[in-house]
Amino acid sequence: MSIQAQRKPKEVRTSDKIFRWCTSGPALLLCVVLAGLGVQLLVSSIPSLKHFGVEFLLGRSWDPVRGIFGALPFIYGTLVTSCVALLIALPVGIAAALYLSELAPEWVRSPLGFMIELLAAVPSVIYGLWGVFTLAPAIREVVQPALASTLGFLPFFQGPQYGFGMLTAGIIVAIMVLPTITAVSREVVMAIPLTLREAAWGLGATRWEAIRFAVLPAARSGLVGAGVLALGRALGETMAVTMVIGNRPEISASLFSPGYSMASVIANEFTEATDELHLSALAEIGLLLLVLTIILNVAARALVGRVKRAW
Amino acid sequence: MQTESRRNWILTALAAGVVLVGCRDRTESSGSAPSAGSTQAVVATEQKVSLTGAGATFPYPLYSKWISEYGKANPNVRINYQSIGSGAGIRQIIAETVDFGASDAPMKDEEAKDAKGKLVHIPTTLGAVVLAYNLPGVKLRLDAQTITGIFLGDITKWNDAVIKALNPEASLPDTAIVPTFRSDGSGTTAVFTDYLAGASPVWKEKVGQGKSVSWPKGLGAKGNEGVTGQVKTTPGALGYIEAVYAEQNKLSVAELKNPAGNFVTATGAAVTAAAEGVQLPDTLYASITNSPQPGAYPIAAYTYLLVYEDAKDAAKGKAIAKFAWWALTDGQAYAADLNYAPLPASVAAKVKDKLKTLHHGGQGLL
Numbered sequence: 001m002s003i004q005a006q007r008k009p010k011e012v013r014t015s016d017k018i019f020r021w022c023t024s025g026p027a028l029l030l031c032v033v034l035a036g037l038g039v040q041l042l043v044s045s046i047p048s049l050k051h052f053g054v055e056f057l058l059g060r061s062w063d064p065v066r067g068i069f070g071a072l073p074f075i076y077g078t079l080v081t082s083c084v085a086l087l088i089a090l091p092v093g094i095a096a097a098l099y100l101s102e103l104a105p106e107w108v109r110s111p112l113g114f115m116i117e118l119l120a121a122v123p124s125v126i127y128g129l130w131g132v133f134t135l136a137p138a139i140r141e142v143v144q145p146a147l148a149s150t151l152g153f154l155p156f157f158q159g160p161q162y163g164f165g166m167l168t169a170g171i172i173v174a175i176m177v178l179p180t181i182t183a184v185s186r187e188v189v190m191a192i193p194l195t196l197r198e199a200a201w202g203l204g205a206t207r208w209e210a211i212r213f214a215v216l217p218a219a220r221s222g223l224v225g226a227g228v229l230a231l232g233r234a235l236g237e238t239m240a241v242t243m244v245i246g247n248r249p250e251i252s253a254s255l256f257s258p259g260y261s262m263a264s265v266i267a268n269e270f271t272e273a274t275d276e277l278h279l280s281a282l283a284e285i286g287l288l289l290l291v292l293t294i295i296l297n298v299a300a301r302a303l304v305g306r307v308k309r310a311w
Numbered sequence: 312m313q314t315e316s317r318r319n320w321i322l323t324a325l326a327a328g329v330v331l332v333g334c335r336d337r338t339e340s341s342g343s344a345p346s347a348g349s350t351q352a353v354v355a356t357e358q359k360v361s362l363t364g365a366g367a368t369f370p371y372p373l374y375s376k377w378i379s380e381y382g383k384a385n386p387n388v389r390i391n392y393q394s395i396g397s398g399a400g401i402r403q404i405i406a407e408t409v410d411f412g413a414s415d416a417p418m419k420d421e422e423a424k425d426a427k428g429k430l431v432h433i434p435t436t437l438g439a440v441v442l443a444y445n446l447p448g449v450k451l452r453l454d455a456q457t458i459t460g461i462f463l464g465d466i467t468k469w470n471d472a473v474i475k476a477l478n479p480e481a482s483l484p485d486t487a488i489v490p491t492f493r494s495d496g497s498g499t500t501a502v503f504t505d506y507l508a509g510a511s512p513v514w515k516e517k518v519g520q521g522k523s524v525s526w527p528k529g530l531g532a533k534g535n536e537g538v539t540g541q542v543k544t545t546p547g548a549l550g551y552i553e554a555v556y557a558e559q560n561k562l563s564v565a566e567l568k569n570p571a572g573n574f575v576t577a578t579g580a581a582v583t584a585a586a587e588g589v590q591l592p593d594t595l596y597a598s599i600t601n602s603p604q605p606g607a608y609p610i611a612a613y614t615y616l617l618v619y620e621d622a623k624d625a626a627k628g629k630a631i632a633k634f635a636w637w638a639l640t641d642g643q644a645y646a647a648d649l650n651y652a653p654l655p656a657s658v659a660a661k662v663k664d665k666l667k668t669l670h671h672g673g674q675g676l677l
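If you read the protein sequences in the order shown, they are chains H and F.
Using this note's numbering, read the first sequence as starting at 1 and increasing by one per residue.
Using this note's numbering, read the second sequence as starting at 312 and increasing by one per residue.
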């Protein structure tokens with residue numbers, strides 16, 4: 001009591017002020033960096049924006065020799081690999097999270113959780129190398145023939161089987177986003193009050209029913225959030241994707257075909273591009289990727305909001 | 312990939328080392344002011360120079376060997392070379408952020424226009440691009456027409472009649488050919504497409520020549536390492552890579568038919584012969600693919616240093632000119648061990664003449 005009385009209120013205010021600046025500065029800085037990034041990309045894209053206009057978004061040809069640049073195959077490749085990745089990783093990741101939080105015996109939880117999180121620490125070039133030397137051959141020898149013989153009537157699973165292509169890229173990205181989904185989902189599920197489960201059990205629900213009707217609905221918005229985080233990483237993943245996607249700007253329904261992603265083409269061509277239009281077209285791809293990421297994030301946030309309200 | 316990132320690490324470490332050593336030297340010389348008389352005399356006669364260069368990744372192993380050997384003999388000259396790619400090297404020397412640039416492909420005229428002074432190409436060594444394939448037990452011979460057909464997608468099977476005609480004794484399987492190309496912009500691609508465009512008008516018209524082109528068929532992989540990896544793991548793959556990668560990874564390499572009609576492999580002698588077969592113009596850059604020399608390997612190329620003819624800084628200009636002179640004389644002996652081919656004597660002589668014309672404010676640098 002006496003100590004508090006001795007302290008001058010002014011001092012408290014000064015330290016609080018400093019603390020305020022120390023925290024609001026970095027927060028503001030992040031916004032400035034994002035804005036700066038956007039402006040820089042926009043300025044660099046001007047020659048390409050002027051030259052191609054909307055055609056850039058719809059063009060299917062990417063020919064640096066002739067100075068013809070169209071981004072559609074890259075947008076397509078990015079969206080397809082990200083979708084494949086999420087289709088695989090979301091169910092697997094949420095299932096793993098449920099096991100870790102609801103079903104696993106106590107002594108299994110933390111080592112298993114730790115190992116899954118360790119996956120996130122592996123550099124993406126390692127995933128890429130593993131993709132080139134192990135995953136792609138395995139997909140060519142096992143997965144693609146199996147898919148072609150069972151689901152081959154679908155356009156997604158037709159055509160020559162190289163091992164490299166959009167399917168392989170999607171699978172690699174799925175593995176890479178899995179730790180994010182699992183870790184976030186586990187936290188979300190664990191944050192749900194035990195009383196909800198107890199109430200369900202009290203009504204005679206089985207373990208599955210309690211998860212299905214009490215835990216999952218409560219966790220829904222958090223799980224969507226996990227998906228959003230994963231999508232962000234999937235869209236921007238560069239190195240591992242570049243190493244297995246086949247890198248040909250082509251729009252093909254078949255997941256076996258080579259494709260190309262937006263991040264990959266920038267990584268591939270930027271260092272050696274000297275022509276102004278080429279550099280500018282690459283900058284515009286970067287701008288598109290930024291815009292795409294923002295749109296998807298906003299959409300996902302809206303979705304999270306709606307889910308919350310519904311519950 | 313691995314080698315490249317390792318290289319980058321080594322580079323970073325080297326760069327950090329240079330900076331650290333540089334700092335230490337400075338503090339030492341300023342700290343030992345009382346006894347500076349003798350030290351300063353040495354500094355005055357042989358000025359310490361530190362050079363920065365950037366560009367092509369392809370000659371990096373040779374350049375780093377040169378830099379370390381040259382540094383042993385000339386401890387006053389420190390050179391830091393960053394292998395950031397030919398295109399980036401050209402951009403950096405034009406922006407004058409480095410003391411010399413390096414490129415596998417000669418600069419285009421429109422690029423040279425942006426530079427504040429006249430940039431000179433200094434050929435330093437020769438490299439070859441080989442066609443590696445994954446067909447166990449088959450010794451393959453190819454010619455430019457066939458390679459064009461494969462990369463255009465006209466020839467799709469290994470037992471195609473055209474390939475059979477070139478390889479009457481080989482047992483060619485009835486499997487698909489998987490053409491594999493470099494997805495990243497690269498001098499290797501520029502040389503390879505230069506070879507195809509020179510040999511086939513169809514290629515020239517449909518695809519053209521450049522560091523990045525629009526590939527009609529096949530799979531793209533990043534870097535020489537990426538193509539090497541894809542060829543290694545994909546049965547039926549055919550890809551182009553720098554000769555050294557094929558040797559290190561023990562990939563089968565096709566014998567190529569040269570314009571004189573002989574089948575040759577990319578030996579040092581065959582690559583040097585390619586340069587001998589093409590008269591080097593006064594600009595000091597030339598395409599030496601499809602060389603008419605009887606023993607020449609058809610997919611070969613010079614790699615260049617880029618320096619300003621009128622040096623901005625006399626001391627640095629002198630150091631670069633001396634280093635280049637050394638590279639063209641003593642330095643050539645290191646080429647073969649690292650899978651590069653030495654320049655023909657006539658070319659080296661011509662380039663040395665050019666070095667003598669480099670100047671700073673009207674004064675020769677050598």
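What the hints contain is simulated information worked out from the structure, not anything from laboratory work.
There may be inaccurate statements among the hints.
[Claimed, not checked] Lysine-lysine pairs mimicking BS3-like chemistry, simulated, CA-CA at most 25 Å apart:
1. H:Lys50 with F:Lys419
2. F:Lys359 with H:Lys50
3. F:Lys359 with F:Lys663
So, against the hints stated earlier in the document, which numbers end up violated here? Hint 2 contradicted; others consistent.
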